[in-house]
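Asks: Construct the complete structure from the given sequences, taking the supplied hints into account.
First residue of the sequence shown: 391, per the working numbering; consecutive thereafter.
Just so you know, these hints were derived from the structure itself, not from any lab. Ideal placement from N, C-alpha and C gives every residue a C-beta, glycine not left out. Among the hints, a few may not be true.
Stated by the list, open to error - What follows is a set of in silico ranges between Cβ atoms, one per label pair, in the way DEER data are often shown:
| # | residue 1 | residue 2 | range |
| --- | --- | --- | --- |
| 1 | Glu499 | Asn439 | 31 to 39 angstroms |
| 2 | Gly445 | Arg500 | 19 to 27 angstroms |
| 3 | Lys426 | Lys536 | 31 to 39 angstroms |
| 4 | Arg500 | Phe444 | 17 to 25 angstroms |
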Amino acid sequence: MTLIKRFALCSLIVFCAQGVFAAGISSAILKRDDAKRLEREIRKSADINDCDWFGRTALMRAIRFNALDCAELLIANGAGIDTRDKNGWTALIWASVECSASAVKMLLERGADPHIHDNLGYTALMFAEDKKCEVICAMLKEAGEKSVLKKEKKPAGGEGRKVK
391 MTLIKRFALC SLIVFCAQGV FAAGISSAIL KRDDAKRLER EIRKSADIND
441 CDWFGRTALM RAIRFNALDC AELLIANGAG IDTRDKNGWT ALIWASVECS
491 ASAVKMLLER GADPHIHDNL GYTALMFAED KKCEVICAML KEAGEKSVLK
541 KEKKPAGGEG RKVK
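Replies: Here it is in C-alpha coordinates:
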(Lines of atoms letter the chains of each structure in order from A and count residues from 1; the text may use other names and numbers.)
(Lines give C-alpha, C1' and ligand atoms only; values in the text may rest on other atoms or scores of the structure.)
Protein backbone atom coordinates (compact mmCIF):
# COMPACT_ATOMS: atom_id res chain seq x y z
CA MET A 1 0.00 0.00 0.00
CA THR A 2 1.39 3.37 -0.97
CA LEU A 3 1.99 6.07 1.58
CA ILE A 4 -0.81 8.22 0.11
CA LYS A 5 -3.33 5.35 0.27
CA ARG A 6 -2.26 4.56 3.82
CA PHE A 7 -2.70 8.23 4.81
CA ALA A 8 -6.14 8.35 3.16
CA LEU A 9 -7.23 5.18 4.95
CA CYS A 10 -6.00 6.47 8.31
CA SER A 11 -7.79 9.78 7.74
CA LEU A 12 -11.01 7.95 6.90
CA ILE A 13 -10.75 5.87 10.08
CA VAL A 14 -10.15 8.96 12.20
CA PHE A 15 -13.08 10.82 10.63
CA CYS A 16 -15.37 7.83 11.11
CA ALA A 17 -14.26 7.44 14.72
CA GLN A 18 -15.19 11.06 15.33
CA GLY A 19 -18.65 10.47 13.93
CA VAL A 20 -18.09 12.79 10.97
CA PHE A 21 -20.02 10.53 8.62
CA ALA A 22 -23.17 10.60 10.70
CA ALA A 23 -26.48 11.45 9.07
CA GLY A 24 -26.77 14.49 6.81
CA ILE A 25 -28.17 16.72 9.49
CA SER A 26 -25.21 16.10 11.80
CA SER A 27 -22.70 16.58 9.03
CA ALA A 28 -24.29 19.95 8.20
CA ILE A 29 -22.82 21.16 11.49
CA LEU A 30 -19.25 20.42 10.46
CA LYS A 31 -18.92 23.73 8.66
CA ARG A 32 -19.34 25.86 11.72
CA ASP A 33 -22.52 27.92 11.77
CA ASP A 34 -23.68 26.54 8.40
CA ALA A 35 -27.31 27.27 9.27
CA LYS A 36 -28.46 27.49 5.63
CA ARG A 37 -27.23 23.98 4.85
CA LEU A 38 -28.80 22.75 8.07
CA GLU A 39 -32.15 24.31 7.13
CA ARG A 40 -32.03 22.43 3.81
CA GLU A 41 -31.36 19.16 5.65
CA ILE A 42 -34.26 19.80 8.03
CA ARG A 43 -36.58 20.55 5.10
CA LYS A 44 -35.58 17.20 3.56
CA SER A 45 -37.25 15.65 6.62
CA ALA A 46 -33.99 14.53 8.12
CA ASP A 47 -34.24 13.16 11.66
CA ILE A 48 -33.22 16.01 13.94
CA ASN A 49 -32.32 13.60 16.74
CA ASP A 50 -30.30 11.22 14.56
CA CYS A 51 -27.11 10.03 16.28
CA ASP A 52 -23.60 9.14 15.20
CA TRP A 53 -21.79 6.00 16.40
CA PHE A 54 -21.17 7.59 19.77
CA GLY A 55 -24.82 8.50 20.28
CA ARG A 56 -24.11 12.19 19.70
CA THR A 57 -26.87 14.24 18.13
CA ALA A 58 -26.63 17.17 15.76
CA LEU A 59 -27.35 19.48 18.69
CA MET A 60 -24.39 18.07 20.63
CA ARG A 61 -22.19 18.50 17.56
CA ALA A 62 -23.38 22.09 17.09
CA ILE A 63 -22.61 22.88 20.73
CA ARG A 64 -19.24 21.14 20.54
CA PHE A 65 -18.26 23.27 17.52
CA ASN A 66 -19.84 26.40 19.05
CA ALA A 67 -22.24 26.69 16.09
CA LEU A 68 -24.93 28.43 18.12
CA ASP A 69 -27.01 29.50 15.10
CA CYS A 70 -27.30 25.83 14.16
CA ALA A 71 -28.07 24.86 17.76
CA GLU A 72 -30.88 27.44 17.91
CA LEU A 73 -32.31 26.14 14.63
CA LEU A 74 -32.16 22.53 15.83
CA ILE A 75 -33.89 23.32 19.13
CA ALA A 76 -36.57 25.36 17.33
CA ASN A 77 -37.25 22.31 15.14
CA GLY A 78 -37.58 19.84 18.01
CA ALA A 79 -34.07 18.65 18.84
CA GLY A 80 -33.96 16.85 22.18
CA ILE A 81 -32.19 19.30 24.46
CA ASP A 82 -31.49 16.76 27.22
CA THR A 83 -30.75 13.76 24.99
CA ARG A 84 -27.73 11.77 26.19
CA ASP A 85 -24.95 10.18 24.15
CA LYS A 86 -23.43 6.78 24.94
CA ASN A 87 -21.41 8.33 27.78
CA GLY A 88 -24.49 10.01 29.20
CA TRP A 89 -23.35 13.47 28.08
CA THR A 90 -25.96 16.05 27.12
CA ALA A 91 -25.53 19.19 25.02
CA LEU A 92 -25.18 21.11 28.30
CA ILE A 93 -22.35 18.86 29.46
CA TRP A 94 -20.64 19.34 26.07
CA ALA A 95 -21.00 23.12 26.44
CA SER A 96 -19.42 22.92 29.92
CA VAL A 97 -16.57 20.74 28.71
CA GLU A 98 -15.92 23.22 25.88
CA CYS A 99 -16.13 26.16 28.37
CA SER A 100 -18.66 27.88 26.12
CA ALA A 101 -20.54 30.32 28.33
CA SER A 102 -22.73 31.47 25.43
CA ALA A 103 -23.77 27.87 24.67
CA VAL A 104 -24.46 27.11 28.35
CA LYS A 105 -26.56 30.28 28.64
CA MET A 106 -28.54 29.46 25.49
CA LEU A 107 -29.21 25.87 26.57
CA LEU A 108 -30.30 26.88 30.07
CA GLU A 109 -32.63 29.53 28.62
CA ARG A 110 -34.17 26.81 26.42
CA GLY A 111 -34.79 24.54 29.42
CA ALA A 112 -31.75 22.25 29.62
CA ASP A 113 -31.66 20.34 32.91
CA PRO A 114 -28.52 21.27 34.91
CA HIS A 115 -28.97 18.27 37.23
CA ILE A 116 -28.46 15.53 34.63
CA HIS A 117 -25.35 13.47 35.25
CA ASP A 118 -23.35 11.30 32.88
CA ASN A 119 -22.75 7.55 33.18
CA LEU A 120 -20.02 8.17 35.76
CA GLY A 121 -22.12 10.54 37.86
CA TYR A 122 -20.60 13.84 36.67
CA THR A 123 -22.80 16.87 35.99
CA ALA A 124 -22.19 19.87 33.75
CA LEU A 125 -21.28 21.84 36.88
CA MET A 126 -18.61 19.31 37.85
CA PHE A 127 -17.02 19.57 34.40
CA ALA A 128 -17.12 23.37 34.55
CA GLU A 129 -15.51 23.34 38.00
CA ASP A 130 -12.81 20.98 36.77
CA LYS A 131 -12.08 23.30 33.83
CA LYS A 132 -12.20 26.34 36.15
CA CYS A 133 -14.90 28.02 34.04
CA GLU A 134 -16.17 30.32 36.79
CA VAL A 135 -18.81 32.11 34.70
CA ILE A 136 -20.32 28.78 33.67
CA CYS A 137 -20.20 27.50 37.25
CA ALA A 138 -22.18 30.54 38.40
CA MET A 139 -24.78 30.08 35.63
CA LEU A 140 -25.21 26.38 36.39
CA LYS A 141 -25.49 26.94 40.15
CA GLU A 142 -28.13 29.62 39.64
CA ALA A 143 -30.06 27.44 37.17
CA GLY A 144 -29.85 24.49 39.55
CA GLU A 145 -31.24 26.54 42.42
CA LYS A 146 -34.10 27.88 40.27
CA SER A 147 -35.10 24.40 39.11
CA VAL A 148 -35.10 23.11 42.70
CA LEU A 149 -37.34 26.01 43.75
CA LYS A 150 -39.75 25.26 40.88
CA LYS A 151 -40.00 21.64 41.99
CA GLU A 152 -40.68 22.68 45.59
CA LYS A 153 -43.55 24.97 44.54
CA LYS A 154 -45.47 22.22 42.71
CA PRO A 155 -48.47 20.90 44.64
CA ALA A 156 -48.39 17.32 45.88
CA GLY A 157 -49.52 14.91 43.19
CA GLY A 158 -47.88 16.65 40.25
CA GLU A 159 -49.45 19.53 38.37
CA GLY A 160 -52.53 19.72 40.55
CA ARG A 161 -56.13 19.39 39.52
CA LYS A 162 -57.26 21.25 36.43
CA VAL A 163 -60.31 23.39 37.03
CA LYS A 164 -62.74 23.90 34.15
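Asks: Each of the hints needs a verdict: does it hold here or not?
Replies: Now the hints, each set against the structure:
no.: 1; hint: Glu499 <-> Asn439: 31 to 39 angstroms; result: violated, 20 angstroms
no.: 2; hint: Gly445 <-> Arg500: 19 to 27 angstroms; result: holds, 21 angstroms
no.: 3; hint: Lys426 <-> Lys536: 31 to 39 angstroms; result: holds, 35 angstroms
no.: 4; hint: Arg500 <-> Phe444: 17 to 25 angstroms; result: holds, 23 angstroms
Hint violations for this structure: number 1 only, all remaining hints satisfied.
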